[in-house]
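> Chains V and U supply the protein sequences, listed in that same order.
Its first residue numbered 8, the first sequence is counted upward by one per residue in my numbering.
Its first residue numbered 8, the second sequence is counted upward by one per residue in my numbering.
Counterexamples of contact, computed for chain V against chain U with all Cβ distances above 12 angstroms:
1. R93
2. D163
3. E185
4. L190
5. V200
6. M376
7. I501
8. Q542
9. A556
10. R581
Simulated pairs of lysine to any residue, SDA-like, Cα-Cα distance not exceeding 25 angstroms:
11. V:K223 - U:P444
12. V:K240 - U:A587
13. U:K577 - U:E519
14. V:K259 - V:P378
15. U:K240 - V:E517
16. V:K223 - V:K583
17. V:K223 - V:S590
18. V:K240 - U:G313
19. V:K165 - U:E277
20. V:K223 - U:E450
21. U:K48 - U:P167
22. V:K223 - U:S334
23. U:K240 - V:S510
Note that these hints are calculated values from the structure, not bench results.
Owing to the predicted nature of the structure, the values given are computational and were not obtained by experimental measurement.
Don't be surprised by glycine CBs; every beta carbon is placed ideally from N, CA and C.
Protein chains: 2
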Amino acid sequence: MPADSPSHINPSDLAAYRHRLRHSVSHVMASAVVELFPEAKLAIGPPTEDGFYYDFLVSRPFSPEDLQAIEERMRRDIAVSIPFQRKELSRVEAEGQFAAQPFKLELIAGIPADEPISTYRHGIFEDLCEGPHVESTADIKAFKLLSVAGAYWRGDEKRPMLQRIYGTAFESQDALDEHLHRLEEAQRRDHRVLGRELGLFFFDPLAPASPFFMPKGALVYNLLVEYMRSLYKRYGYQEVITPQIFGTDLWKRSGHYDNYIDNMYLINAEEREYGVKPMNCPAHCLMYMNQRHSYRELPIRYADFGRLHRFERSGVTHGLTRVRSFSQDDAHIFCRMEQVNQEIADVLAMTRESFSACGLGEPRFTLSMRPEKRLGTDEMWDRAEAALRDALLASGYSFTEVPGEGAFYGPKIDMFAKDAIGREWQLSTIQLDINLPERFDLEYVAEDGSFQRPVIVHRAVLGSIERFLGVLIEHHAGAFPVWLAPVQAVVIPIADRHIEYASQVAARLESEGVRVSMDATNERMNAKVRNAQLQKIPYMLIVGDREAANSSVSVRLRSGENPGSMPLDKAVARIKEAIASRS
Amino acid sequence: MPADSPSHINPSDLAAYRHRLRHSVSHVMASAVVELFPEAKLAIGPPTEDGFYYDFLVSRPFSPEDLQAIEERMRRDIAVSIPFQRKELSRVEAEGQFAAQPFKLELIAGIPADEPISTYRHGIFEDLCEGPHVESTADIKAFKLLSVAGAYWRGDEKRPMLQRIYGTAFESQDALDEHLHRLEEAQRRDHRVLGRELGLFFFDPLAPASPFFMPKGALVYNLLVEYMRSLYKRYGYQEVITPQIFGTDLWKRSGHYDNYIDNMYLINAEEREYGVKPMNCPAHCLMYMNQRHSYRELPIRYADFGRLHRFERSGVTHGLTRVRSFSQDDAHIFCRMEQVNQEIADVLAMTRESFSACGLGEPRFTLSMRPEKRLGTDEMWDRAEAALRDALLASGYSFTEVPGEGAFYGPKIDMFAKDAIGREWQLSTIQLDINLPERFDLEYVAEDGSFQRPVIVHRAVLGSIERFLGVLIEHHAGAFPVWLAPVQAVVIPIADRHIEYASQVAARLESEGVRVSMDATNERMNAKVRNAQLQKIPYMLIVGDREAANSSVSVRLRSGENPGSMPLDKAVARIKEAIASRS
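Could you build all of it, start to finish, from the sequences and the hints given here?
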């Protein structure tokens, strides 16, 4: 696991400080709320990964104006330096102190008899709290209240609905500003919102966490698949098509029944239990087993875009990035251990090539090494880890070795892509597997005529295409690279009398293989340009009298750039060049 | 339903005669068996669609020699004219007559008390039988015993295993010969056998009736999909990608839950019932509903290659032609009733184009008209039927109108393709649907601003791609049209010293987009040619000293044709022309 990825951050000093700071700001906020809303009953107010919240029982939801007033009151409170002071109380004292706060009383009742009951006090506000806190309110340099939402007491819909105020705090105004900017950017790039605005996909409660790709979304999806196919041809992969539903005998043999059953969709038919496939590997083992193989044939690389289904609980699904139904650019490489190094090197080269084509930067890698509990001999692990390490070294990619984090069946490489606003996404893994070949008794005939066991490399470059697409949308804020844009150019006639020439321009582009549309609506030119920009169409070709007269177009880019008038031929060449170069 | 398709043949005089004839030959066979195997216990011996069989309990399976002996004895018996005579017996008489035949006694016990018990007798052989039969054995002009197989008494695996002899009989030797030839051809073309021999696909009991497409099979499969996509572009279809698993609320709304549930795979998860989709239509309705539509947008044509699952009982599945897991070149056209005619015309044009590209002849059509029980007004049906009829008339295709056979939700067109040995296959239907738009409350905004109901045209041109591929394999006996052949050309070096030039030839072809392989094995040239022919590779390019010296190749075709030596450039042009023209 990566040491510095957001979800696995090591508790560094900064993180611990922010935790204390946010906890303290939460108290300051509660104090302000109690001053402004004396009837408020206090629930809990913990720090979170990115900020803090506090839950209150109040007679009406907080308005934006309330938040502003609370924030002002807080600023006044922190203008002077008030220390945070810890106190320990007996149970009786605590119950007396919080007699008017039913939620606190419930919390006190839940504290085991042998544990201390502590409070933190700043000024006249004292809260039941384990701490720790910063020294004093003078430490609070930068904070902001963000939003309000309803939340049930203890998450139980049978208990009272409370009002939760979210906020955040940082050690400096710069850090806060940067965070707020990132929040805003993340919101602006939210692929779920852009997916709808750009007509790419939607969800329906009738198929939870299973995207519907509308024509433009399906187009981009298929372009990614076609692109991977073009690489497969070059890298010697063979595409196969396999079933989606298998008798559970298969899942027992593969080990999924013991280890993955909770994430599988099960079916009963004709007195037999079936499972919808969550992974392609067992099907590819069956395909490998269907024929005898000679060492000469290896490596055999089976690629499969088959739809996979994994039952994720409804609480954890999210847009395209965590779904129940998806396809991967999945492949399994059956090879000899001594071929692994070259295979990994090729996969890394494919990764570099495809990430670059999609406008993503250089990914970062981790190499997860042998865990305590593992299959196979130490010598096997030595060779397997060395093969992966050597390939990573040769690739020039930066990577970190993570001891103990490999799968029980082999070491693995995890791949992290950084998006435009600095967030890291794990997109795929490369796993070396010495377990499945055993379970399926896979063999090849070696040069000496003996039967030998191959190893399997599981690998996906883009990973889940759904997830990759979601990340790509956020990374580009919907403005796909030209080759991936659903509509690559829009022709905009300035007035109705230019529609004829505009149609000719569109027809020309279409005949050149450009995905083009024409905006012949009655709107004014500027509105048309704005619409095209909102739709993130790379090229706007505006045509009026002058353009019609001399076979030219006036080119604008979605970025706002304005290359201006140019001969149609030149514009066509420029667009085709952008498509062909995948730039 | 077609009047003359094999599976729905009208009981014409000939069919009734063959039925009687085969029943009589079955008796003659049983008589011969009893003569040769006096200990044999007789079970049943009915005529079937293509012949007859008779089940016997004997001490050992019949050998091919036994069959020959039985056939000889039968020929001797029919050399003289022996009449078939009907007799009615009382139950006591019957039980006495068949006292030594336990299966017959069991059959007698099963005859209701008020029904007559009849026998048919020819010569000294008398069998419990309802008839009817031909007049006498002299009527038997042509018969043949075909095979033996084990069969449980009454199909019950707990009852004795019997030996079933299959045979057939016709009114003339010519008709028999033709039938036997067709059987042989059908066997030679059996797509299940060819699928394995050509490395196209296989099945595994772990995923019953769900094909695994190996690299060559997946290649052909994807070529068909890509070809349909190229037509979609031209015919204005938009591809979409939809989920595969939906809450059963959807299937209740669509009507599948009431009418199709037995063929659906059901899943329970998080206290909710889900169904794996057997059809795409409801998903496309959800997609249509996801946005408001204006009359200007119609027709909207959603195409979907999504995997479908239909639970077919294990008894009825067959190779690729009846599977549980498949994809269709499926599409749903949402349009106004007055647009239906043009839409159907376009679908028919696509059909003509794609059938021709796949080397199939002109399909035949039936138009199924309004049934007794139906939705919608007579005026609606008048318009719908007229739209379909007019489109068929305009297409120039031959078609038959079948009264009463339409779906309750609209009239439909069924499409039948004739294969190389005269068998007809129903590949797809075009259905007009006025029901689903009601159920899903679909609307569009008409010119006058009012909300109107569209109709839906369900249509698939190839139908199930799995099934289409199976039919195509049988039609071409595995020798796909060049554009669909997994390997289009094989370069055959005569000796090792020609491998270098052969590699150059292969590289040249590959750079020209031809799927090419090289046979550099140690086998002799003739063996290599034979292998290529068995693999149905369209072009064999043989290269030896002369070819290497003057940049030529010696071309042979899989048909056995031998165009001989030609410059490499010419051969390349010829192959590329065959691919491009889809000939």
